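We have chain A already, so just place chain B on it with the hints.
From first to last, the protein sequence lines stand for chains A and B.
For the first sequence, our numbering assigns the number 1 to the initial residue and increments by one for each residue that follows.
For the second sequence, our numbering assigns the number 1 to the initial residue and increments by one for each residue that follows.
Simulated from the structure, these hints should not be mistaken for laboratory data.
Treat the hints with care, since some could be wrong.
[To be verified] Below, a sample of chain B positions facing chain A; criterion: calculated Cβ distance under 10 Å:
#, residue
1, MET74
2, ASP101
3, VAL103
4, ALA112
5, HIS172
6, MET183
7, ALA210
8, TYR313
[What the hints assert, rightly or not] Rough simulated footprint, nothing fancy, chain B against chain A, three-plus residues with beta-carbon under 8 Å:
#, region
9, 230 to 238
10, 321 to 328
[Said to hold, decoys possible] Calculated cross-link-like contacts (lysine to aspartate or glutamate; reagent style EDC-like; alpha-carbon spacing at most 16 Å):
#, chain 1, residue 1, chain 2, residue 2
11, A, LYS245, B, ASP130
12, B, LYS80, A, ASP145
13, B, LYS54, B, ASP239
14, B, LYS54, B, ASP91
15, B, LYS80, A, ASP33
16, B, LYS54, B, GLU222
17, B, LYS52, B, GLU110
18, B, LYS80, B, ASP100
19, B, LYS303, B, GLU325
This one's a predicted model, so the numbers in the text were calculated from it and none came from an experiment.
Glycine residues also receive a C-beta, built at the ideal position from the N, C-alpha and C atoms.
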Amino acid sequence: MAAYLVRRVVGMVVLLFLLSVTVFVLFNLLPGDPARLTCGKACTPQIIEANRHRLGLDQPVLTQYTNFVKGIFFGRTFSEDSPEPIICHAPCLGYSYNRHQQVLAAIADAAPVTFWLAVGAFLIWIVVGISMGILAALNRGSWVDRTIMGISLIGYSMPSFFIGLLLIFFVIIRFNWLPFPSYVSPFDNPIQFLQTMILPWIVLAVLNAAFYMRLTRNQVLEVFGDDYIRTARAKGLPERVVVVKHALRAGLTPIVTAAGLDLAYLLGGAIISENIFNLPGLGSLAVGSVLNSDLPLITGITLVTATIIIFANLVVDLLYAVIDPRVRVG
Amino acid sequence: MISDGVITDSEVMRREAALDRQFLTVNDLAVAFPTEDGLVRAVDGVSLSLEKGKTLAIVGESGSGKSVTAQAIMGLVNRKAAKVTGEIWLDGQELVAMPDDDVQALRGDEMAMIFQDPMSSLHPFYRIGDQIVEAIRAHRSMGRSFARREALEMLRHVGIPAVERRIDAYPHQLSGGMRQRVMIAMALINSPDLLIADEPTTALDVTVQAQIMELIQSLQAEFGTTVILITHDLGIVADVADEVAVMYGGRIVELGPTRAIYDNPEMPYTLGLLSSIPRMDRDPNKRLDPIRGNPPSPIKLPKGCVFQPRCNYFERVPGGRCFTERPELLEAELDHSVRCHIPHEERQQIANDVLHALTGGPTPL
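Bound-form chain B, shown alone:
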């Protein structure tokens, strides 16, 4: 089975041109950890691509493989403990087969990462200024005092007040929001082309979350950084992402432009995610609709569709294919791919019904 849509010649050309512009391309990435209980396939066959300066959101539950995907791109997966296969092309360089030392040279320079909990992500024993200076001097031979001046400038840039004093503070002396600003300053200090933000606001106060996201966006616009945002907060995604990849059980189950994912979600799991978030435009008397069941164990994945045990619609697929056959990630519409056995039209019908029932109308962005 090929795509439901028809691909024209002009479309083929458009895509080839787009492929040339791709800054990051991941091909069939797999990360597996051998454990005593069996092989944990944390990431299994992830492919995606991203243009320079764009934002990709990777969405999914805990254990869906979104963080491991990010760490694999950064080369932070311990090669002694895990088997990484596939290809990661960053700006024309392939990272999976690259020697460790070369990936290390790119880390913090071409690509940088910020993490969920800024308290535990900063070293508790070193002053924040020294930690940033260390990041500068890891990639550029620069005198300590010059580096410090640059760190000071960057800290001011990310909105830290009284930087002259704060630069000598220890992480525990700063608030959560300030710490995350420090992490952002440290990540961006060498002007990386790719910034991976792994749940950057999850550990922060709600009031600070928006500030941090705005900061990331404005710095992205300023430096032209490509951003991968890992989150389970679909509210943030709608505001900032150009593309969305929904992950489940170590695979991408739906991939496409943000608007397509929100307006025409097709994979029942995406649908479940969208209907389990509280929204202003919802009927307040109705209960939130969580996805039933639990994420699958990465050691013993279901045989057919990985989402089947939690899916409400598998009966619509004839011949019980959801139990026996892994669905492929196939293009359903332009640039919008879905991993599901249910036919395209029927998926659209289901989505319409579900979203209508929630709001009495299509979901606005």
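Same shape as in the complex, but just chain A:
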């Protein structure tokens, strides 16, 4: 188990290294001059060259990359020879000359918003998706099953921006049931937090719950045909125990895989929902950085998001061993 863990962590590091190289290469291959983007319309070639030097963009690509990696581990200082040097402590992901902010700080500001958005939506869709999936499986072929699968199909086919805009129009604009979304931390103003988050949670949950209904239904139906379910019934267990403790447990593996990766994906930023609901999360930050060609920020967000997803993969794989004793080795 320990050896397996070490192997996986080493693999993660290698993957992140390759990813950082890729992102960096793409960064330099992209058309456009990053230094040109550091100042607005009233730009002179002198200012551009000065900025180029301050940001280290006049260095060879390889040096830029080693500086970037060094920054992650040891920190670095931008515009060292200017009167106001920018000290970026480790782990330094770079400096956004567009926002005049360190990349890590920008990400740290946006991350909690995305975190709450992802976790809230995740809880809703897991609970709704799995329970409706079980309900459909237990009533296979009946109107309950058909209704749930119909809802699932509708939820699955409606684009999230469409559901989002519908909700905003009716719930907020037309009926005034909720105020316009404006994000606050749940610790500062829990009520406004809930009022802001409930609609984006629903939008994200609808799409994913539709998928988990189907997945759970299929898993439970598949497992229902297995011999150990018949054994559980032969023991005289109540049907509720047979379904939850025996069938659902056995069918859980693919659900956990999907859930882990979907949550990780969402933690990287829900681009559409964040933008529709005006949430300053990672998704909005990513879109803003792309629109502004803010390359250091794009690099930083890409690396952070990738790290979350790679880490989630590891967690999911480790969870297999918790769920299925046959996977445990030694």
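Below, chain B without anything else, positioned relative to chain A:
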């Protein structure tokens, strides 16, 4: 047409007394599954009875309805997917009309079942000890640690070595024979009166098969359990069963004491089964004699005798009744019933010829 034998008054009394002793009685049991292709009559009019402590073997090919019969008795047939009719009397209680919750309470307590493949029949994610504890606590309110102690005792009883360690093993950590012992321990943990063993040795190594059968027999003797053994292995049947029911196409085609079935098989299908097993006392140069053709589709059963398309002797019945008329299960001899249009004496003659040709003498048990 009634029985070929004459039933005397004393015989009638003997039977009435026997009927009172019957522990399990199945009357005209039918299980039908509606499918898109038509109604699948998996079991069609099965009647049998069994005294307490005895062993009944249900023999037949795959798809003959023997497993479905067993599952119907256990109440394991999905009532949403299948129509179950007839009567099943277990120790004075009728099960077919009984509410699901009441049957569930009997399952695992009064009646228990073990299955063909012990690997897939145990839940792969739970420790075997916990699975047995679950079976105990489904029927008796008992503390976890007490239940565990009882599980430990039962596992030791079914011959699992190093139980203290094995009780926390997962099924995949045990061999096939050990897993089947666990299944047996789990089935017998609440001392059921009826144990149904559905091909309990089919998935096991030949060397382990005999051990498992011996275990079932010794536990049966110890607890006084009534056993229904479902199998297609006629070799096992001869050793353990008191009664044999041969099933074909969802019906019982021959029913009687084991010795009668082996010594005087009358239904051509039983005869075919007996002549298709390899035996030490056979002429080794002769080929085994399989039954030609395939089992009938349960959706489109033949109109007359269900076995007729595979039968070698239907020409002996005058008027082509085998094509037009379903034969009844009728008593040919004492307690020995046969479902066949061929007259009794002629069947005996056929059986004699066939068995003689195989061994040069009557088949010894």
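Per-residue hint verdict: B:MET183, partner chain A, C-beta under 10 Å
With a closest approach of 8 Å, the B:MET183 hint holds.
Just to be careful, I want the Cα atoms of B:LYS54 and B:ASP91 compared with a cutoff of 16 Å; is the pair within it?
holds, 14 Å
Holds or violated: B:ASP101 as interface residue toward chain A, Cβ cutoff 10 Å?
holds, 8 Å
How about the region 321 to 328 of chain A: do at least three of its residues have a C-beta closer than 8 Å to a C-beta of chain B?
holds (count 4)
Just to be careful, I want the Cα atoms of B:LYS80 and B:ASP100 compared with a cutoff of 16 Å; is the pair within it?
With a Cα-Cα distance of about 12 Å, the restraint between B:LYS80 and B:ASP100 holds, given a limit of 16 Å.
Taking a Cβ-to-Cβ distance below 8 Å as contact, does the region 230 to 238 of chain A have at least three residues touching chain B?
This one holds; 9 residues, not fewer than the three required, reach chain B with a Cβ under 8 Å.
Please verify whether B:LYS80 and A:ASP33 have alpha carbons no more than 16 Å apart.
Roughly 70 Å separates the two Cα atoms, so the pair is violated.
Are the Cα atoms of B:LYS303 and B:GLU325 separated by 16 Å or less?
holds, 7 Å
Next item in the hint list is B:ALA112. Is there a CB on chain A closer than 10 Å to its CB?
holds, 7 Å
Could you check if B:VAL103 really has its C-beta closer than 10 Å to a C-beta on chain A?
Hint holds; B:VAL103 Cβ to chain A Cβ min 9 Å, cut 10 Å.
Is the Cα-Cα distance between A:LYS245 and B:ASP130 16 Å or less?
holds, 12 Å
Please verify whether B:LYS54 and B:GLU222 have alpha carbons no more than 16 Å apart.
holds, 13 Å
In terms of the numbered hints stated before, the structure departs from hints 7, 8, 15, listed from lowest to highest.
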